[in-house]
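Novice: Chains as they are written, first to last, in full-length UniProt numbering: chain A, 1 to 254; chain B, 1 to 254; chain C, 1 to 254; chain D, 1 to 254; chain E, 1 to 254; chain F, 1 to 254.
Derived BS3-like pairs (lysine-lysine); straight-line CA-CA distance at most 30 Å:
id, chain 1, residue 1, chain 2, residue 2
1, D, Lys137, B, Lys137
2, A, Lys137, A, Lys251
3, C, Lys137, F, Lys137
4, E, Lys137, D, Lys137
5, B, Lys137, E, Lys137
6, A, Lys137, F, Lys137
7, C, Lys57, C, Lys251
8, B, Lys57, B, Lys251
9, E, Lys57, E, Lys251
10, C, Lys137, A, Lys137
Just the calculated beta-carbon pair ranges, DEER-fashion:
id, chain 1, residue 1, chain 2, residue 2, range
11, E, Pro217, C, Glu135, 24 to 32 Å
12, C, Gly250, E, Pro217, 17 to 25 Å
13, B, Gln213, A, Glu151, 29 to 37 Å
14, E, Asn189, F, Glu186, 47 to 55 Å
Because the hints were derived from the structure by calculation, they are not lab data. Glycine is no exception: its CB is placed at the ideal position from the N, C-alpha and C atoms.
6 protein chains.
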Amino acid sequence: MAQVLWQNLTAAELRDRAGRGAIVLLPVASTEQHGPHLATGVDDVLCSEVCRRAALKLAGQNAPVVVAPTIGIGLAEHHMAFGGSLTLTLPTYHALLRDLCGSILRAGFSRILIVNGHGGNMSALNALMVELTRELKAPIATTSYWLLADEAFAEILEDQQSVLHACEAETSMMMAVRPDLVDVAELPNALGPQASGAGSVLSPPLHRWRSFQEFAPTGVIGDARRSSADKGERLLEAASSALADQLALGKPWN
Amino acid sequence: MAQVLWQNLTAAELRDRAGRGAIVLLPVASTEQHGPHLATGVDDVLCSEVCRRAALKLAGQNAPVVVAPTIGIGLAEHHMAFGGSLTLTLPTYHALLRDLCGSILRAGFSRILIVNGHGGNMSALNALMVELTRELKAPIATTSYWLLADEAFAEILEDQQSVLHACEAETSMMMAVRPDLVDVAELPNALGPQASGAGSVLSPPLHRWRSFQEFAPTGVIGDARRSSADKGERLLEAASSALADQLALGKPWN
Amino acid sequence: MAQVLWQNLTAAELRDRAGRGAIVLLPVASTEQHGPHLATGVDDVLCSEVCRRAALKLAGQNAPVVVAPTIGIGLAEHHMAFGGSLTLTLPTYHALLRDLCGSILRAGFSRILIVNGHGGNMSALNALMVELTRELKAPIATTSYWLLADEAFAEILEDQQSVLHACEAETSMMMAVRPDLVDVAELPNALGPQASGAGSVLSPPLHRWRSFQEFAPTGVIGDARRSSADKGERLLEAASSALADQLALGKPWN
Amino acid sequence: MAQVLWQNLTAAELRDRAGRGAIVLLPVASTEQHGPHLATGVDDVLCSEVCRRAALKLAGQNAPVVVAPTIGIGLAEHHMAFGGSLTLTLPTYHALLRDLCGSILRAGFSRILIVNGHGGNMSALNALMVELTRELKAPIATTSYWLLADEAFAEILEDQQSVLHACEAETSMMMAVRPDLVDVAELPNALGPQASGAGSVLSPPLHRWRSFQEFAPTGVIGDARRSSADKGERLLEAASSALADQLALGKPWN
Amino acid sequence: MAQVLWQNLTAAELRDRAGRGAIVLLPVASTEQHGPHLATGVDDVLCSEVCRRAALKLAGQNAPVVVAPTIGIGLAEHHMAFGGSLTLTLPTYHALLRDLCGSILRAGFSRILIVNGHGGNMSALNALMVELTRELKAPIATTSYWLLADEAFAEILEDQQSVLHACEAETSMMMAVRPDLVDVAELPNALGPQASGAGSVLSPPLHRWRSFQEFAPTGVIGDARRSSADKGERLLEAASSALADQLALGKPWN
Amino acid sequence: MAQVLWQNLTAAELRDRAGRGAIVLLPVASTEQHGPHLATGVDDVLCSEVCRRAALKLAGQNAPVVVAPTIGIGLAEHHMAFGGSLTLTLPTYHALLRDLCGSILRAGFSRILIVNGHGGNMSALNALMVELTRELKAPIATTSYWLLADEAFAEILEDQQSVLHACEAETSMMMAVRPDLVDVAELPNALGPQASGAGSVLSPPLHRWRSFQEFAPTGVIGDARRSSADKGERLLEAASSALADQLALGKPWN
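Work the whole structure out from these sequences, hints included.
Specialist: This is the structure:
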């Protein structure tokens, strides 16, 4: 099977791929509490997996592509009160993305898509696209992995509409790829407030900053009790297919 | 009528209001192209007006309130290609909000609501709430003036659902408060792509940064041709009432 | 009458003015305590008014000119102890001026004059001219509105030589343009230490930083008791005429 | 076997470990060219592996320990000319380490050891220890994984004394843990200048900054031709044992 | 004679002096072109000398005092076009003064007077006093060495009123203390525009930034032709006496 | 004798030297505790002296050279607990070196060698070379004055191998050039832990940051009791000759 991970390629292979105009997917995630039943590395595992699958699909169509090393730490101030969580400040996150995207450009690539796997990064990524594009003079792009497959996600999930937090969606996908990081004994406790989307809880139209713990003491938004590996597999396929399809069409650069 | 504008109050009056626990509304806007028919100061005019009206409604209920001086410059990189537009970088915007909110806190106030009047500021404000709250150790809050009255806006408008850009909503409100800044002769040209919201055009699920000019060469999203002062007056009342009502209920701090 | 305010012009009008080589006046002020009798927005009102008048005089001579939106917040740490005052730190002020002047240059203008209306900004503006000129590679200029008309000011004023703080000069000018923001009942208390200039009190040859409150507990330097709208009108005309005259001669860029 | 990786633990498990006074190992590496025969992710793989092994040894002695997520990007400006390499600037690296160590402290841990796996990070880490300790008021410590086992390394290696770059040591260790990332067909080309240590080539007593390519065009310092998985296994055991032994003795905090 | 220079004292002696409440004079100068006849180090030599003399006078009265190492580089952008000149940017200057004053405070001293010897530093020092006082929470003070003795200077000088640049005053003082750094053969060329003060040339009421070379191509403001060591000696005594006298009176901290 | 110090040359002389391709030596030192017997300015005195001697040797061979003003303050956090010490933070040090080297380049020079005289600066200088070279696009070089003459130093010294701190080497050199700054009465107390090099005490393979006071309460590493001016003279000649010889060979730029 094709090798798509930057860190698994030699410099010569990466030079070659840059020379062929490869797209670079840069997964960005977070390391933070994920309820009583999931390891803190969920966002890293899932975002990396979606990117890997999307890249393999593209590679299978002979589209040159590389997946850069996942940035496993993101913006998770709202989870800090739970312990076990890591966060960057916004200026650090900006600097980190600038240096990384700048390095990728210097390595000869020209199309970078930051693929996000953590709700708490979304606003910042939207705001930082402007800065990065101006600073680096390159068309940096972004998405969050569940956004392109929202209809498929709504169909697959039984108790939710979309990805929430430590929820039916995340738990199912973890069961599919890293079942060792799901503590099924804790599943009965793996539920919290329901919501149409994590954003509607964290950033309603009028809001002050609030700790996640204030509105979701279990560390969960949604209901993970009916999670399954099968759902997870279908979710991962839906997300990675949707992403690969868009990229195969030349989006978002054409 | 009660005086609610910070800059129109003496220091003694402001000390008194701080002592009574007043809420501070901090309007943040932008100075940027607004199509062929509107002056560049639209966001400043409208956001200031909504805050003024909301504050007067609260003052009429004996709720202590102050409207801080409007920050008339925001994040408008996507409008720069049109000329006539001013923008800050994200780090400058962060520093400016930190210093201003910090000053308001030092003046004895403890509840600050940043009321936004420019779509391009929204993601940044969401991201900066986290930083400001941690840096200043105070519950800074935010909203965008059209978000709380979305149903009323949808009802009043004929050709749109919500506020877009230099559109039926903005043009109507300008006709109501500053008709001298609306060039009605240009109204026939005041239309551009339609959208469910400005964000869906500027930040679709998968996007690279794009200049506004690339997808809306007229500088307009929406259709301003059927704008009217009457619609504008109703929109301003809807927005300011919705805001005042929420604040009167103690939101978003309770 | 000619429209000279940036925020009241459309993008097309501003592009046109840039194409004609217009000078941009950028008023910078402060929002801070102004004694017992004046609103905190005095510097913003007066600096904006001097710029507006000067620009109209130039426009009347067919000289293209624009007045950018006033920066209403400046460096007022020395007033913070009074409450009701807002201040920026020097690095924020630097960043703000850099971004704003940079935007004006990107909008096609090449001559920017920062017109200052607050004593506490003067040293910083002198120091920042160096930085801005090097950073932006453009001949940014500065003045404080009372400096060019010092002889006329000395003649018009009865109890002072120049602009001090919340004094005969500022109070008179406010009476001329915003009498609603002067509390005449407080005029008998509107006096403080006399000085040849505000700088001689705040920055004597050997000085440590001191709060304004330490040497002027009323918040006034000078004596506002014999202020009048007539004096104010003459002061505003003297300042704006002196500025317009210098600019009409091509200064300070020739 | 004990779980020692932060990202594989739940928040509750991490809170528990913090409460028991666990040491946190923070592996820091680099993603950069590693000669014709090795993938760019070598430093990440090896540094993570040494930390994992050391932590398991400690856990086996009932010493509480956690391995934080590896920072896979470091300071690799000298490798950029080869392509396939990623680098941060020093201020970004400083900010990243400050935020990460700060997060670990906020999560309740008090002893952090940054375990380095990339020669190019060493000077910066020495310099940054001072800053981080002062900024975070916590005794941040550092080592590079090969330093504590230098005698054992010298004994195991046949053609080198210590870890160089893409060399006998690194290639052997990769053969032990990720043989899929070693291209044995390229081994005959996997040699470059010999040196007593990588530092003596990169930072001789009198030096200007030089690209790695200038003195080692193959991307290798040392000679990888006689690498073997067996040597690699012994090197990894020597490094991780030496680290675990020191930590078991309470160093470097006692 | 008493030892007053920080760098010539042992740590124990400095701890003792801090314990006795010593004032610290921090000389700040510049290294920059000084006309055809003077070395570039003039400001450093003279400012250090005035501080040394003032400190010895105070020490002679048993007032504890220390002169910190002179900061020999300042803000000299306006001299850069001549070559031979060194300059800092304002943010660097700010950081340098903050770290140095912070160190002096940590060494146990509480009263710091920054004694300036370069006209180009004056505005920045005025602006930075505000920042340093707030950041360090300590009453940092400043003066420029010629300001306190302006009447004496006017009397001693024949062709000038005050210190200009590479002028009668500076040349005379250099003749008194470092005659080896005065090229008397060039004295006939050592003249430039006259002015009441250097500031009136560099920062007139309405000004854009200008290179010194633009208005003083010889690198001189004033007229150095009638300089003499005797005048220089008197100037140095006047300046240092005036400074010592003010400090002996407890100014500017009482 | 040739004049080699920047601050003792006129701008015209410096322009001339730049035109002839002169090397610029930039001495960087520290002001910090140096045991009971030495003044705090030791590193400045010695580093300046080595550079001066090396430059005179080069000038004697008609090689154009200039010694820039010594940066007398460096990175000395580990000495702060003793009092009498000054330190910069790493970001300030970076900014200072960037501005200074940038100024030297703007003055027409192209080869800059930072000559270090303080152990605590070494790691930072190694790390900053990368940044400065990239930022300034110029081949900035560095050395520490004792590194090039290590064999000669080992031979001259009786109780040490190399330069430690306030030790036989530093004390002897001070006796040679500034005997007035050596308190011989304190020599019997001038000893501390022995070490092969200062780095091995301050930065062993596994270390946390520690105050110098923690492992060397006397403020000395090494043994200064058998110091002598004769040894000092030989050390200074060895160091400056070694440096001049390397530079005469075109190193490190060829």
